[in-house]
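Build out the structure end to end from the sequences listed, making use of the hints.
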Amino acid sequence: MLAKRIIPCLDIKGNEVVKGINFLEIHGAGDPLTLAKKYNDELADELMFLDITASHEKRKTLARLVRKLSEAIFIPFSVGGGISSLEDIRNLLNAGADKVSINTSAVISPGIIDSAAKRFGSSTIVVAIDAKKIGEKYLVFTHGGRNNSGKDAVEWAREAYDRGAGEILLTSMDRDGTKEGYEINLTSRVVKSVRIPVIASGGAKDAKDMEEVFVKADASAALAASIFHYGETGIKDVKKYLKSKGLHVRL
Amino acid sequence: MVQKKNSIVIVDYGMGNLKNVQNAFKAIGHDSEISSDYKEIKNATHLVLPGVGGFKDAMKTLSGLNLVNPLKDHISMGKPFLGVCLGMQLLFESSEEFGHHEGLGILKGKVVRFDEGIVPLIPHIGWNNVRISRKIKAGENATEHNGVQRDSGRLAPFKGIKNGSFFYFLHSFYCVPSEDITVATCEYYHEFTACIKKGSIFACQFHPEKSHNAGLKMLYNFAFGTGEQI
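Those protein sequence lines, which keep their order, are chains A and B. 1 is the number of the first residue of the first sequence in my numbering; add one for each residue after it. 1001 is the number of the first residue of the second sequence in my numbering; add one for each residue after it.
If you are wondering where the hints come from, they were derived from the structure by calculation, not from laboratory data. Positions of the beta carbon are idealized from the N, C-alpha and C atoms, including for glycine. There's no promise every hint is true.
As the list claims (entries may be wrong) - Here are the simulated distance ranges between beta carbons:
#: 1; chain 1: B; residue 1: Asp1031; chain 2: A; residue 2: Asp152; range: 49 to 59 angstroms
#: 2; chain 1: B; residue 1: Glu1093; chain 2: A; residue 2: Arg146; range: 45 to 55 angstroms
#: 3; chain 1: A; residue 1: Leu247; chain 2: B; residue 2: Asn1069; range: 44 to 54 angstroms
#: 4; chain 1: A; residue 1: Ile134; chain 2: B; residue 2: Asn1066; range: 50 to 60 angstroms
#: 5; chain 1: B; residue 1: Asn1213; chain 2: A; residue 2: Lys192; range: 33 to 43 angstroms
#: 6; chain 1: B; residue 1: Asn1066; chain 2: A; residue 2: Ser85; range: 23 to 33 angstroms
#: 7; chain 1: B; residue 1: Glu1102; chain 2: A; residue 2: Ser115; range: 19 to 29 angstroms
What the hints assert, rightly or not - Listed next, the stretches of chain B that the computed footprint assigns to chain A, with coverage defined by at least 3 CB atoms under 8 angstroms from CB atoms of chain A:
#: 8; stretch: 1198–1210
#: 9; stretch: 1216–1225
This is how it looks when you write it as structure tokens:
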């Protein structure tokens, strides 16, 4: 039986892992390679690296870091941030990334999803969606959460799926860094609108929040950053808890 | 310490993460080369055919690089061969990935897509339990298995690996062998072939290079094994 995945997310700025609250304040959390090895050993199912400054500073994601990571960890990892062309994707996959995560550029030119899926296979293409609740709707924000695209998040997820995305990384901007738990309603609506795995992100405080997003929203994976980086919660402890609640996890 | 016991060549045909496979071999202490060179492939004691991407493109590239015959020769000489993911699928006769395409035809059977009527989420992404076939009970270690002689070769890839261990899968298609070569299965809404073994050919649908300790152990068994004992 397929296990529910726990994915620590490492937001990278320069050569450091950082973590913001509501996409704004940024606190240092450590060296990416050290943290990655630690999570690899603690039975993280996968790692997500987001170069959070790449998009607006027009930098390319750190291929060198990706190369080092692929020599040090033997679990899958995805890389995102500032990816805007098939060339970017190819470079990251060649450097050792298992998947790439596309956000802003997919919203601006959705055709990149079709061509990337066709060229590299759907299973290597993650479409990341940053969603914020405005009125009764969840809208898609781009450029690291600064620009409102006006797109409906649930419809956009469906379109990304139709175009060949292999997974959706769904972040609630309202919950990100707040430790109020995942946005169950948003996650559930996106899960129901696509037939690919959805990774829930934003707001995790503890294992209970993860249980909730698996049970109530049927997410395939739960992503978290700060609770792992600052040592508040261990990955194995989270998994033991989930297992005790009847969820299938890799332990 | 990196040893060079066997000569392992990872076949480079432009499909995906070859470096990751090499890194994994390095981690278990064995040297390996990434190459598309006919001579190097011919001289290899062990070949690895990895791969991520489309079946049709992969076959086209293998033919274009004149690698089809060296691969077949290697296998017909009984030299150890490891197929991973797409590299497993290519060994079969045909695939229905975006049409009908001929494979290498070394193994009997075909490659099909998960049926959307049965499987709600495609691709199959993540960690899933791999069940070792042939008289092995859950939780029992393959090395403890006291089976018939024929089985020892079939189970060699799982030496030191607990039955039911998690491996990392990332695929939308799977192999349906029409000969009795399945040595491990996986359950994703229905049972499918996770590993095949035939003589000195071993192939797996999951990614051992991304499957943490169980995957590294499997690569170790291949790298340090010879003949059918890979």
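Violating hint indices (sorted, rising): Those not satisfied come down to hint 9.
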